[in-house]
Amino acid sequence: MTRAARLGAVLLLVAAGRATATDAPDSPRAVTRRALEQSNTIVRGSGDRQQKLLALRDVLRDFLDTEALARLAAGKHLDGRTPEETAEFLRLFRELFIRTYVQRLLLFDAPDFTYGEERVTGDTATVGTEIVTPRDRFAVDYTLHHTESGWRATDIMVEQVSLAQNFRAQFDTALAKSSFQDLLELLRKKVDGAAAAG
Amino acid sequence: MLAVFRKDLRIFVRDRWAMLFAILVPVLVVTIIAEALFHSDSGPRLLVPVVNEDGGPVASTFMKLLGEHAEVREVSRAEAVHLVRDVNRAAAAIAFPPQLSKQYLQGRSTEIELLTDPAAGSDLEAIKVLLLLMDKDAAALADPFSEDKITLKEKNLTGNRLSVTAFEQNVPGFSLMFVLMAVIFGTAMSMHDERDWGTLPRLLVAPGGFTRLLLGKFGARFVVGLVQIVCLFLWGHWMFRVSLGSSPWAFLVLALAVVFATVAVGMLVAGLARTREQTLPLGLTFVMTFSALGGLWWPQSIQPAWMSRISPAFFTTWAMQGLNDLVLRDRGMEAMAVPVGVLLAHGATALALGFILFRRRFSAR
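Protein chains in written order, with the numbering used here: chain L, 3 to 200; chain B, 724 to 1088.
One or more hints might be untrue.
To be verified - Here are the simulated SDA-like cross-link-like pairs (lysine to any residue), alpha carbons at most 25 Å apart as the crow flies: (1) 876(B) - 786(B); (2) 876(B) - 790(B); (3) 179(L) - 93(L); (4) 787(B) - 52(L); (5) 787(B) - 114(L); (6) 851(B) - 883(B); (7) 859(B) - 188(L); (8) 859(B) - 114(L); (9) 787(B) - 805(B); (10) 851(B) - 1021(B); (11) 859(B) - 45(L); (12) 179(L) - 161(L); (13) 859(B) - 74(L); (14) 851(B) - 812(B); (15) 872(B) - 47(L); (16) 179(L) - 876(B); (17) 872(B) - 111(L); (18) 179(L) - 1054(B); (19) 851(B) - 900(B); (20) 872(B) - 52(L); (21) 191(L) - 855(B); (22) 876(B) - 1021(B); (23) 787(B) - 47(L); (24) 859(B) - 51(L); (25) 878(B) - 796(B).
Stated by the list, open to error - Have a look at the derived ranges for each label pair, beta carbon to beta carbon: (26) 191(L) - 851(B): 22 to 30 Å; (27) 953(B) - 191(L): 42 to 50 Å; (28) 141(L) - 1028(B): 45 to 53 Å; (29) 177(L) - 1057(B): 52 to 60 Å.
Just so you know, the hints here were simulated from the structure itself, not pulled from any lab data. Even glycine gets a Cβ: it sits at the ideal position worked out from N, Cα and C.
Just chain B, with the same shape it has in the complex:
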């Protein structure tokens, strides 16, 4: 027993990189989770664009009240729509109608428009809470009983529904995480399996050479990954009524780009890991980091500012942007250009790096 104990310990200690990764991974992942969920940096204040068509004292008072909790920016209606619908910088914009002040001072109720992006989830809820606070303060100024002077009319700028389900907010992210796990580990492990099984030298001397070997492996993992992602989302659609967007083609194009980038990162992990033992902690590092910073576990808006700044460097951010546009915003092919383009660029870079590293490490052996 002691001999087995010493042997296993010696094997573990011998691979210093594997040992280092085994210690670093949990430290890194715990740090990212703690920073994202419990950070003291409050991050950028919630942006609330306000269309002030009233221009009177009541709208000014409401804007002051909102300004105590959020970054209130007075904009034109077109700019508000742009911030909410086109660039998704704000979860909602508030439009104070003309005559708000006069009607309020007359004691008549007024309808305030809330132009929303339901895909923004928690940020939209936060804005609604702010409006409730504002309404409470407004009621304090009101006559004895007419406390319902403000009614809210919600208008979704990014789709047809006023709300999205919790499943639709969570299922895509977690599905993507499992695809990451399966594909990155599958790809990276399979490269080292060939070496451990002794089939790598035979494959390398086979006609076609090293590049074709890697492309063949890439192709196989790509097909497996594509089947996984399609199956997971079909399951989510059937089981949890998660929308797949209005265009199946747009979903397919996005799925192809996501799997391409994921397999490419798997190749990069395979290239970085010197041994099979290193693949596990290194793969975990990639999966956890890309999941956390890409917004697969929580909305990126809750992250501290520094995380939001670096998150575009992770392809998962763009994958989630594309998925949110499809699932939560009912967008079609026209919205896929940017996320798919960035995913392909990330994938191509990771693939090239993976090829170079793997070739250097194994083709000479």
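One chain only, chain L, in its complex shape:
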């Protein structure tokens, strides 16, 4: 690491530390930080991949508002669906999204997170973070929404690409070729396959 990069990293850590010190415990950044640090502890900790997956899923279930994410990703495709179909879609999406996100987190052996700015507009907030690896940095921004149970993430932007939009593009493509029932079947297969693969 160059001297400038090292200095930059130190400054970021200091800024992050100061931010934590001044953050209210229930602020969007504090909530994000808590979830990521719990995740980090699990990723770095002992236990096999399956145990880590389960532990991370529990942490992220509280942090991610997968229902909001699912509705954002599905867009107009949920219009006119029966309550059973919608419930099934939300269940499958929650499983798949958490699993996808967790698997991506597990790609990083020992991730270091830095925390950037927090922007709050009414009930919505954005928290910028970075995953720092020895050779690169990966920008991950969280969009949060204030709910009755506190701040929860409704979208994740990885390197400026929204995961919800990414899912939506895939749903649009799939539904252009097949029915909603087919989409549910595909999601079921993927969830079952992922569960079997661990």
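Given chain L, put chain B in place with the hints provided.
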């Protein structure tokens, strides 16, 4: 009938060396084939050089996945090219491009470069299977439908084609084996024929002496062998579309060196065999052993490690290297220096030994 039976048995038993060779040859050949094809020693792991221009978590994960099945070595692009193209140590190298991790995490597809040596045949197929496994594991990490996040771009480093035909992989080896058979037996038998026909003493007292006699015989067999190898490869080219490389001169130079070494080994067999009866099992031993260990029947990469270590001692290894460079890698004269040089050295050694043995055995008679 009983008398004929006893006579034939007595003749067979009288030549103990012929009897010994007749028993040893099948044992030796079966052992070599069994060791090469069904050995328990897994041999050296498949080497997969990796150019990691990404340096991110996705490339690291892929390298870990590949490392479960192969020896993954992180190298620079220049070193990867050297390992695949120049020294043919690896059948292919994988280049993970910059931004692979970022694009993968964004859900965008990325092109991975596979720098190949199609002449490596089964090893290259094995690397492609490993990539399929890696892709399957990568798909498990992917979003619901975007499972085609990795696309493969193949680049041949050793020629112009991305694949070679099964004919091109097999015809040169088997053609060479038949040339070995014809030339080694022809050369060795003809030396003993002269003695059996009673013409050897007359030739030995003819002007010119023993060395010129042997050189004359060598020359005749050399021409016959050259015609055989050229005809066989022309047939393979016409019938099976087997490439003869980009340079006919390079092919001719290699053919000359291969036939020189083959006739020389025929001379050595003639010198080693005391009788005509010994020529057959001894010649077979040489043909089978040189074919098996030289990679004429199967790629040398499937052999156990000990076979790979000793195979450079057999001239057929160098003959096949030259042929593979011409036929499968489209190389020209510049690639012939090493195989032709080694073939000439092997040939000269075998010829000298054959001359010495034959002179000792027959010139005094």
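Hint check results:
At most 25 Å may separate the alpha-carbon atoms for a hinted pair to count; residue 876(B) and residue 786(B) meet this at roughly 18 Å. For the proposed pair residue 876(B) and residue 790(B), the alpha carbon gap of about 21 Å is at most 25 Å, so the pair holds. For the hint linking residue 179(L) to residue 93(L), the alpha-carbon distance of about 23 Å falls within 25 Å, and the restraint holds. Among the hinted pairs, residue 787(B) with residue 52(L) is consistent with the structure: their alpha-carbon atoms are about 18 Å apart, no more than 25 Å.
A threshold of 25 Å between alpha carbons decides the hint, and for residue 787(B) with residue 114(L) the separation of about 21 Å falls inside it, so the pair holds. With a C-alpha separation of about 19 Å, the suggested pair residue 851(B) and residue 883(B) falls inside the 25 Å cut-off, and the hint holds. With a C-alpha separation of about 17 Å, the suggested pairing of residue 859(B) with residue 188(L) holds against the 25 Å cut-off. A hinted pair counts as satisfied when its Cα atoms are at most 25 Å apart, and residue 859(B) with residue 114(L) does not qualify at roughly 28 Å.
Under the criterion of a C-alpha separation no larger than 25 Å, the hint pairing residue 787(B) with residue 805(B) is consistent with the structure, at around 23 Å. Restraint check for residue 851(B) and residue 1021(B): the C-alpha separation of about 20 Å stays at or below 25 Å, so the hint holds. Pair hint residue 859(B) plus residue 45(L) holds up; C-alpha atoms about 23 Å apart against a cutoff of 25 Å. Straight-line distance between C-alpha atoms of residue 179(L) and residue 161(L) comes to about 29 Å, which puts the hinted pair past the 25 Å bound.
This hinted pair does not check out: residue 859(B) and residue 74(L) have alpha carbons roughly 29 Å apart, beyond 25 Å. At roughly 16 Å between alpha-carbon atoms, residue 851(B) and residue 812(B) fall within 25 Å of each other, so this suggested pair holds. Note on residue 872(B) and residue 47(L): the hinted pairing is violated, with a Cα-Cα distance of about 30 Å set against a maximum of 25 Å. A distance of roughly 28 Å separates the Cα atoms of residue 179(L) and residue 876(B); the hinted pair therefore is violated under the 25 Å criterion.
With a C-alpha separation of about 21 Å, the suggested pairing of residue 872(B) with residue 111(L) holds against the 25 Å cut-off. This hinted pair does not check out: residue 179(L) and residue 1054(B) have alpha carbons roughly 49 Å apart, beyond 25 Å. Distance restraint check for residue 851(B) and residue 900(B): the Cα-Cα separation of roughly 30 Å exceeds the 25 Å cut-off, and the hinted pair is therefore not satisfied. Between residue 872(B) and residue 52(L) the CA atoms are separated by roughly 24 Å; this keeps the pair inside 25 Å, and the hint holds.
Pair hint residue 191(L) plus residue 855(B) holds up; C-alpha atoms about 21 Å apart against a cutoff of 25 Å. For the proposed pair residue 876(B) and residue 1021(B), the alpha carbon gap of about 28 Å is over 25 Å, so the pair is violated. Restraint check: the Cα-Cα separation between residue 787(B) and residue 47(L) comes to about 19 Å, which is no more than 25 Å; the hinted pair holds. Straight-line distance between C-alpha atoms of residue 859(B) and residue 51(L) comes to about 18 Å, which keeps the hinted pair within the 25 Å bound.
For the given pair, residue 878(B) sits about 19 Å from residue 796(B) by alpha-carbon distance, which is consistent with the 25 Å threshold. At roughly 26 Å, the beta-carbon separation of residue 191(L) and residue 851(B) lies within the given 22 to 30 Å, and the hint holds. Hint check: residue 953(B) to residue 191(L), Cβ distance near 60 Å, so the stated range 42 to 50 Å is violated. Between residue 141(L) and residue 1028(B), the C-beta spacing of about 48 Å keeps the proposed range 45 to 53 Å intact.
Here the CB-CB span from residue 177(L) to residue 1057(B) is close to 58 Å, well matched to the stated 52 to 60 Å.
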